[in-house]
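*Asks:* Each chain is listed here by its residues.
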Amino acid sequence: MTTPTAPSGRRRSIPNLTGYVMLLPAVAVIVLLVIVPLTVIARDSFAISDPLGGNLGGFTFDNYGKLFDPVYAKTLGYSLGMAALNAAVCTVVGYIVAYYIANRPAKTQPVLLVLVIIPFLTDFLVRTFAWITLLGSGGPFITLLKLFGVEATSFVPSQAAVTLSLLYAFLPVAIFPIYASMRAIDPSLREAAADLGAGWWQTHARVFVPLSAPGLASSVMLTFVPTLGVFVIPVLLGGGKDPLVGNLIVTLFTEFRNEPLGAALSMVVLVLMLASVAGAGLLLRAAGRRNARAARNGKEGTA
Amino acid sequence: MNETTESPAVKLTGLTKSFGANRVVQPLDLEIGRNEFFSILGPSGCGKTTLMRMITGFESPSGGSVELDGKNVDGVPTKSRDLNMLFQSYALFPHLSVYENVAFELRVRRTPKREIDGRVREALDLVRLGAYAERKPAELSGGQRQRVALARAVVGRPAVVLLDEPLGALDQKLRKEMQFELKRMQREVGITFIYVTHDQEEALTMSDRIAVMSEGRVLQVASPTEIYDAPASRFVATFIGSCNVLDGVVDAQGRTVVVPGVGELPASVPPDARPGTGVTLAIRPERVRMTASGTGTPPVGAVAGTLVERVFLGDEWTFHVRLASDAVLTVSVPSGEEAAALGAIPNGGSVVLSWLAEAARVLPAEEVAA
Chain A
1 MTTPTAPSGR
11 RRSIPNLTGY
21 VMLLPAVAVI
31 VLLVIVPLTV
41 IARDSFAISD
51 PLGGNLGGFT
61 FDNYGKLFDP
71 VYAKTLGYSL
81 GMAALNAAVC
91 TVVGYIVAYY
101 IANRPAKTQP
111 VLLVLVIIPF
121 LTDFLVRTFA
131 WITLLGSGGP
141 FITLLKLFGV
151 EATSFVPSQA
161 AVTLSLLYAF
171 LPVAIFPIYA
181 SMRAIDPSLR
191 EAAADLGAGW
201 WQTHARVFVP
211 LSAPGLASSV
221 MLTFVPTLGV
231 FVIPVLLGGG
241 KDPLVGNLIV
251 TLFTEFRNEP
261 LGAALSMVVL
271 VLMLASVAGA
281 GLLLRAAGRR
291 NARAARNGKE
301 GTA
Chain B
304 MNETTESPAV
314 KLTGLTKSFG
324 ANRVVQPLDL
334 EIGRNEFFSI
344 LGPSGCGKTT
354 LMRMITGFES
364 PSGGSVELDG
374 KNVDGVPTKS
384 RDLNMLFQSY
394 ALFPHLSVYE
404 NVAFELRVRR
414 TPKREIDGRV
424 REALDLVRLG
434 AYAERKPAEL
444 SGGQRQRVAL
454 ARAVVGRPAV
464 VLLDEPLGAL
474 DQKLRKEMQF
484 ELKRMQREVG
494 ITFIYVTHDQ
504 EEALTMSDRI
514 AVMSEGRVLQ
524 VASPTEIYDA
534 PASRFVATFI
544 GSCNVLDGVV
554 DAQGRTVVVP
564 GVGELPASVP
574 PDARPGTGVT
584 LAIRPERVRM
594 TASGTGTPPV
604 GAVAGTLVER
614 VFLGDEWTFH
624 VRLASDAVLT
634 VSVPSGEEAA
644 ALGAIPNGGS
654 VVLSWLAEAA
664 RVLPAEEVAA
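Listed in order, the protein sequences are those of chains A and B.
Read left to right, the first sequence gives residues 1 to 303 (the numbering used here).
Read left to right, the second sequence gives residues 304 to 673 (the numbering used here).
Think of the hints as simulated: they come from the structure by calculation, not from any bench.
Please note: incorrect hints may appear among the correct ones.
[Unchecked claim] Examples of chain A residues toward chain B, derived with CB under 8 Å:
id : residue
1  : D186
2  : S188
3  : A192
4  : A194
5  : G197
6  : P210
7  : L211
These numbers were taken from a predicted model, which means no experiment stands behind them.
No residue lacks a Cβ here, since even glycine has one placed at the ideal position from N, Cα and C.
Start from the sequences and build out the full structure, keeping to the hints where you can.
*Replies:* Structural data, given as structure tokens:
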């Protein structure tokens, strides 16, 4: 786009410079709030700890070695399991809700979406406490059960309360990406599927699930990864009996005052998160290639 | 036509549909025969799409019933009706190849696997897309997508295929080609086609019979030639092809029609028409003969007029002639020596129009909706 008459150099370099200047705040935020802390944590994970909570510096792999202790490994495995379960439940429920919303009249859809967002405007901690009231002794849930003659005192703390509250916390994150890909689907495809003899199940299995796959994949990632870092819910609703890896990190930093060990565990979680994102990406790509190959092979490629 | 003892492919009895207070389809009866190419023709908003959606089961009727092959299908879901639809948007599954789109119904209906391949290939060959089996719909042109949709609609060998304005999205040239293709395919597969369109030319060229609809009512059901030559109402006359219409009254003898300001005009007045009744005279432009005035003796019942405009359309000339009553008639003359001679008449020149009595249809006078 250079005009031949422009006096060379100077005038063009000015917009370039402003571009960089305008990038500066963003770069500063990322460097100061992401890269610097991460570097500090990464460095600390190799540091030698002092039993009194000091950080002696130096270089050792001991911290990572300690993580192989069954206590830590168990928590890590349990966290991965809970995260996978939560991601699966959120995605399934999110799919149903997103499908419902996407099939409402155009005018009601925004209203329903706002209803999904509203809980997000409240503090995460407050919402978690709300669940204690709802599920705890004297709460509406217990009262309801008593009406049916079921003897119960409180659901808090319990594993079920943790699962339910995790679903509640991450459901909106699942709904939005699925809704986005659902909305891009031509609504006449549903009628076409019905016209070609597909019932409810077949229509979803053969048309809507494959077509909303990108949204489903985002939903899995967006719920799986943050669930690994949750630490408030297991304490408040699970009584701290089954800590997630997030709780363990908090405990290592605050109670055990072992910064290097906490840093090492943080690094492991970070790597696991990155690995799962990468793994999901590879799976999606492989599925895409398989589809393409199936399409090329016509009859042979399909089951 | 020798299958009169068999039940019709589709039979509609008193079928009607209202959305709230708005009655979109007035109660109507219709029978569509087996292997028939049947068109439902009408302007947009006439209720033809709603009518079709009631046959497929996408809409439930407000009253009346639908019978397919002699069986009442009220309350039967779309997926269990022995018919398929060709959607206006084609509604191909974007994540599936052409092959898989066509195979969809067979897989859903659990057709034996060894049968599927043969039938899909057969359907793709029918629409001449055998070489495109592995493509995705996004890699095809509009015309090809339309063929895939058609292959998908016929692969399950339904009794009836409904086509919702299938040529609307195609360009003029492709549309003409597809008209013949559709007709050929319909004959080949021997399936009843119900073709919904607002395009009178498509309906005329392809159909065995046409139902003309307006404002939720079926105005006439007849063969294309009958619809064209013997329209039952002013709406049908003017909607199908172009047509000159003049308002007048039946004369005292009940033989001709008197048009105010013009005089007596030759017309095929039905024997039961009472003298003095208001009627509409409908004359097709190509049935009107035009001559320059002063050349030879004008035929009986000829009308004098002034040439106001001429349009050359390639294969024919169209002349607009103003009568004494200020009504303007259209005359079309196929290109040739005669047309060339008439084309030499200057604008404002006097001409004489004439037609045979049987060319002028007498229709009941109609209140023209404001």
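*Asks:* Once the shortest beta carbon distance from G197/A to chain B is found, is it less than 8 Å?
*Replies:* Holds, about 5 Å.
*Asks:* Given L211/A was flagged as interface, is its beta-carbon under 8 Å from a beta-carbon of chain B?
*Replies:* 6 Å, holds
*Asks:* Does S188/A pass the interface check with chain B, least Cβ-Cβ distance below 8 Å?
*Replies:* Cβ of S188/A sits 4 Å from chain B, so the hint holds.
*Asks:* For the hint on D186/A, just tell me whether its beta-carbon gets within less than 8 Å of chain B.
*Replies:* Nearest chain B Cβ about 6 Å off; hint holds.
*Asks:* Under 8 Å, Cβ to Cβ, is where A192/A needs to be relative to chain B, so tell me if that hint holds or is violated.
*Replies:* 4 Å, holds
*Asks:* Grab the minimum C-beta distance from A194/A to chain B and call the hint holds if it beats 8 Å, violated otherwise.
*Replies:* 4 Å, holds
*Asks:* Does P210/A pass the interface hint, meaning its C-beta sits closer than 8 Å to a C-beta of chain B?
*Replies:* Holds - the Cβ of P210/A comes within 8 Å of chain B, reaching about 5 Å at its closest.
Violated hints for the displayed structure: none, as all numbered hints are satisfied.
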